[in-house]
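Sequences listed follow chains G and C, in order.
Per the working numbering, residue 13 is the first one in the first sequence, and the count goes up by one each step.
Per the working numbering, residue 13 is the first one in the second sequence, and the count goes up by one each step.
Treat the hints with care, as some may be off.
Copies of one chain are not kept apart here, so a pair can be met inside one copy or by any two copies together.
[Claimed, not checked] As a list, the in silico EDC-like pairs of lysine to aspartate or glutamate whose alpha-carbon atoms are at most 20 Å apart:
#1 K415 - D368
#2 K148 - E337
#3 K346 - D372
#4 K555 - D468
#5 K415 - E337
#6 K535 - D487
#7 K507 - D103
#8 K555 - D57
#9 K415 - E364
#10 K507 - D72
#11 K15 - D434
#12 K75 - D59
#13 K396 - D192
#14 K507 - D463
#15 K441 - E364
#16 K528 - E189
#17 K148 - D487
#18 K415 - D238
#19 K555 - E515
#20 K415 - D371
#21 K78 - D517
#22 K555 - D65
Note that these hints are calculated values from the structure, not bench results.
Number of protein chains: 2
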Amino acid sequence: MSKNRLVYLPLGGAGEVGMNCYVYGYGPADKERLIVVDIGVAFPDMDGSPGVDLIFPDLDWLKARKDRIEAVFITHAHEDHIGAIGHTYADLGVPIYARAFTANIGRRKLDEYGVGPKAIKTASPWPKTVKAGPFKVGFVPISHSIPESSGLVIDTPTGRVVHTGDFKLDEQPLVGEAWDPDLWADISKPGVKALVCDSTNVFSREPGRSESTLGDNIKELIQSADQMVVATTFASNVARLKTLADAGRAAGRSICLLGRAMRRMVEAGVETGVLADFPPTISPEDALDVPRGNLMLLVTGSQGERRAASAQLAQGKYRGLKLKEGDMFLFSSKTIPGNERGVIRIINQLSEMGVDVVDDNSGAYHVSGHANRPDLQTMHHVVKPQMVVPMHGEHRHLREHAKLAEAGGLQSIVAVNGTMVDLSGNAPKVAEYVETGRTYLDGSVQIGALDGIVRDRIRMALNGHIMVNVILEGDEPIGEPWVEIKGLPEIGDSKAALVEVLEEDLNQFMMRAGAKTLRDDDKLEDELRRIARKTAQSEIGKKPEMTVVISRLN
Amino acid sequence: MSKNRLVYLPLGGAGEVGMNCYVYGYGPADKERLIVVDIGVAFPDMDGSPGVDLIFPDLDWLKARKDRIEAVFITHAHEDHIGAIGHTYADLGVPIYARAFTANIGRRKLDEYGVGPKAIKTASPWPKTVKAGPFKVGFVPISHSIPESSGLVIDTPTGRVVHTGDFKLDEQPLVGEAWDPDLWADISKPGVKALVCDSTNVFSREPGRSESTLGDNIKELIQSADQMVVATTFASNVARLKTLADAGRAAGRSICLLGRAMRRMVEAGVETGVLADFPPTISPEDALDVPRGNLMLLVTGSQGERRAASAQLAQGKYRGLKLKEGDMFLFSSKTIPGNERGVIRIINQLSEMGVDVVDDNSGAYHVSGHANRPDLQTMHHVVKPQMVVPMHGEHRHLREHAKLAEAGGLQSIVAVNGTMVDLSGNAPKVAEYVETGRTYLDGSVQIGALDGIVRDRIRMALNGHIMVNVILEGDEPIGEPWVEIKGLPEIGDSKAALVEVLEEDLNQFMMRAGAKTLRDDDKLEDELRRIARKTAQSEIGKKPEMTVVISRLN
Chain G
13 MSKNRLVYLP LGGAGEVGMN CYVYGYGPAD KERLIVVDIG VAFPDMDGSP
63 GVDLIFPDLD WLKARKDRIE AVFITHAHED HIGAIGHTYA DLGVPIYARA
113 FTANIGRRKL DEYGVGPKAI KTASPWPKTV KAGPFKVGFV PISHSIPESS
163 GLVIDTPTGR VVHTGDFKLD EQPLVGEAWD PDLWADISKP GVKALVCDST
213 NVFSREPGRS ESTLGDNIKE LIQSADQMVV ATTFASNVAR LKTLADAGRA
263 AGRSICLLGR AMRRMVEAGV ETGVLADFPP TISPEDALDV PRGNLMLLVT
313 GSQGERRAAS AQLAQGKYRG LKLKEGDMFL FSSKTIPGNE RGVIRIINQL
363 SEMGVDVVDD NSGAYHVSGH ANRPDLQTMH HVVKPQMVVP MHGEHRHLRE
413 HAKLAEAGGL QSIVAVNGTM VDLSGNAPKV AEYVETGRTY LDGSVQIGAL
463 DGIVRDRIRM ALNGHIMVNV ILEGDEPIGE PWVEIKGLPE IGDSKAALVE
513 VLEEDLNQFM MRAGAKTLRD DDKLEDELRR IARKTAQSEI GKKPEMTVVI
563 SRLN
Chain C
13 MSKNRLVYLP LGGAGEVGMN CYVYGYGPAD KERLIVVDIG VAFPDMDGSP
63 GVDLIFPDLD WLKARKDRIE AVFITHAHED HIGAIGHTYA DLGVPIYARA
113 FTANIGRRKL DEYGVGPKAI KTASPWPKTV KAGPFKVGFV PISHSIPESS
163 GLVIDTPTGR VVHTGDFKLD EQPLVGEAWD PDLWADISKP GVKALVCDST
213 NVFSREPGRS ESTLGDNIKE LIQSADQMVV ATTFASNVAR LKTLADAGRA
263 AGRSICLLGR AMRRMVEAGV ETGVLADFPP TISPEDALDV PRGNLMLLVT
313 GSQGERRAAS AQLAQGKYRG LKLKEGDMFL FSSKTIPGNE RGVIRIINQL
363 SEMGVDVVDD NSGAYHVSGH ANRPDLQTMH HVVKPQMVVP MHGEHRHLRE
413 HAKLAEAGGL QSIVAVNGTM VDLSGNAPKV AEYVETGRTY LDGSVQIGAL
463 DGIVRDRIRM ALNGHIMVNV ILEGDEPIGE PWVEIKGLPE IGDSKAALVE
513 VLEEDLNQFM MRAGAKTLRD DDKLEDELRR IARKTAQSEI GKKPEMTVVI
563 SRLN
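So here's chain G without its partners, still in its complex pose (with noise of 0.2 Å):
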């Protein structure tokens, strides 16, 4: 028996979905060479993150095991499977391979870290495959909701482990490949030891619908509106933007693209060839003299992104465009668990200027780009691997979906991030827990989620901020001491200023301390806390957070 082990290690995107990170290793244990799968993100939300800019998988993990990996994989081009590469190239320092759409993607991203283009490396689609180490890795085209999606085939020593990535069982997807069933019974017939498999939809019981079901219901729609049409999807859902822009183009319409990210998804389906027919588009200055009855914009912002098109639009003017009554505005899109708030937020602001909206509740103008429950089974089916690892999910899809893979038949586990998986047996098998995390970007600096300064925020802005300045000469009060306040109440429950009360409290406390205490920095401090709290909560009801700064003249 080998003493090399194959193992598979979740650093993100098993237990949530976003920032999809995945860890193969082969080696004896402790010492396998790996390989990394997506380096994506997430985005933040005021409840958890506020003010942060993005959120990347913890990677120190990886960053100590450096010289052990060998490349880095990248399925496909959505941001929460390519987004963090920019950020953390320089960390890994490895060779990245991606298809030649995701490449094209990606190197736009290196570019702006002034990373050369080399460092990605296109690689041709199966039956070609990439050595890495001990690996072999195949990208196979499957459909998603963008070009050239991928899952891969990860032959090593021990066997074969097949890697979905994002998919769904598109047969007509109009832009990228269409689910192959052939070609996926053949890459398995070899034998498969594991299927790692998206889980997002495995509570949606039907089963999925083409893209290709969509087109006769949008150009319908749009052939119905008379005023200006403004249709929203994601802005890397190229077959989307493409269905629509060939309906906004069938009803006569000129197509104008408003939105930096939707630009560059065009652009690089373009450059690469997979949207050679994308109808010609327009530049905003130029929309402005078309008459609004032949007018179609395709925005960006379909999940209420305060700074994106859709948001501005809603808000008013935005490149010189303004909606108005009677226009329509088309949601091609889904709003995804977190974002309705937002969403709702636009869809409020677009009724205020009687704008007509119409959105997805019938299903009528969006598919999923994921496998559904059915679909999944189906791919359990055709893959008849050993073994099923649930991914790409919250921890109640990976168990719904570990559940679904038992029920046929099929070995299976819920491993979330950290749990190093040993596959090299007949079922799956938890080796080792390894501790992983979220990173912040902020701003221009990364934070880890844990570090106490996001907590410091969000305790700022349920708690408000009272800061206390007191002056000492030895242990001599200098003058009185001075308060200020930040998002609390000017006046308490007494009426009078709260600033004031405060001061009073604390001058009173300031009068009567002993030498001892005044001398003494932290003991200070803590008194000046504690009677800061006491007479918020007496005033305001509440317990704001605190910064004390005692000065001292020497």
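Starting from the structure of chain G, add chain C where the hints point.
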């Protein structure tokens, strides 16, 4: 022609879901006698109102016209209709009318403010009426998701207004009164000037379903469970509580209520006789002695509220009770948009415990308490008003409801909070716009939504906070500037401590600043801010909030 007019003025609930408050006036312009329908609350969220406890409509307009108010009428006991009466009773000081169950809940609220039970007068249902100045008001029973919900018949010298309150058309609501089309046709017979009508579900295209359609599904589900069963729904959904408890009893389970709001509702229901046959319940202490397979918990927190029983159970032990692998947790509820993150967090925590979560994906375990689009049309047809005034909805709901009414040949109007509508003529007409807003209960203090307090909190959460202290004697700096940070990274891009770089840059400035600047507090503060901001921008790529304290010795 009379100089008197009949006006409608929403102060809350029109242009949002929550904090309902509608005013009707009759009399000469600006001298109308007034009645108020409902004074509810809305709930804060981290995006827009961090740290706030409750949101009320701004009642300044009413307070300034206190002598013109005749009475307050409460349609039903949901928080968004009755929640603010305790906080606002003293400001208005007029009698409150409500039916017995609603009055019972209302008195409990007033009691917390030291207001005696007589402040609320128990009203009998239609055909009984209450005289209030020029108004005669009757409570007309209608089905909703809480007992004794009522529409109001508001008779004035100018004609009859029907204010639906929240409603659905349920002929078998299990608890509370059924929708009685004959009764509503009867009250409409004399002719109705205006139907002021719930708009919540105007986008739901299928007719609403009856509460009675759930019983069998829930019974079957609970029968299928062999370990502990926990179910959550709105505390006030007394009919659902009964359905759940009955199903639990039928499966041989003892019922334990967890959560103060839920116990309070059941108590009120039993006291007022609307819930006479609620199954006996046991205390959490006694529940500990019941075998898990014979226990059912009914718990608060269906919206993911952090302090409610659901969240507590998802995090571990609550009142000695703890969930385990194989237990079942039923969300017999719908997640209100904006609450998804909280609910999903709980579901994932439960998933980690191995608890099987059942939610309402399919509609089998929950029905809405509001009238759907076809039900609204039915209401329009039954009441046959001259005009429909949509209320209880965001702008998009009001607009869609107005369109629906107009498509049915009825006059309508979109009137958001602050729009005073003259109902005297044949069509609704805007009389004037009144300034409205939101009042936050923040700890023990009421603050205005636009006071800037919460804005400062949000900014601290997004940007962090830098505090700068300098001490001077005349134009002579004493010591060096002192900086504290909160919610910001300790180390910036130069790899030095952020505080030290700030202090160094500020000190440099103080050293070379002229006497004129150093003697001028405003100028000095501006300069210190400018420098600190510039340093922060280059060190951490952010623009933090800033507090500058200049202390002057004399």
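Q. Broken hints, numbered, in rising order?
A. Hints 2, 12, 16, 17, 21 contradicted; others consistent.
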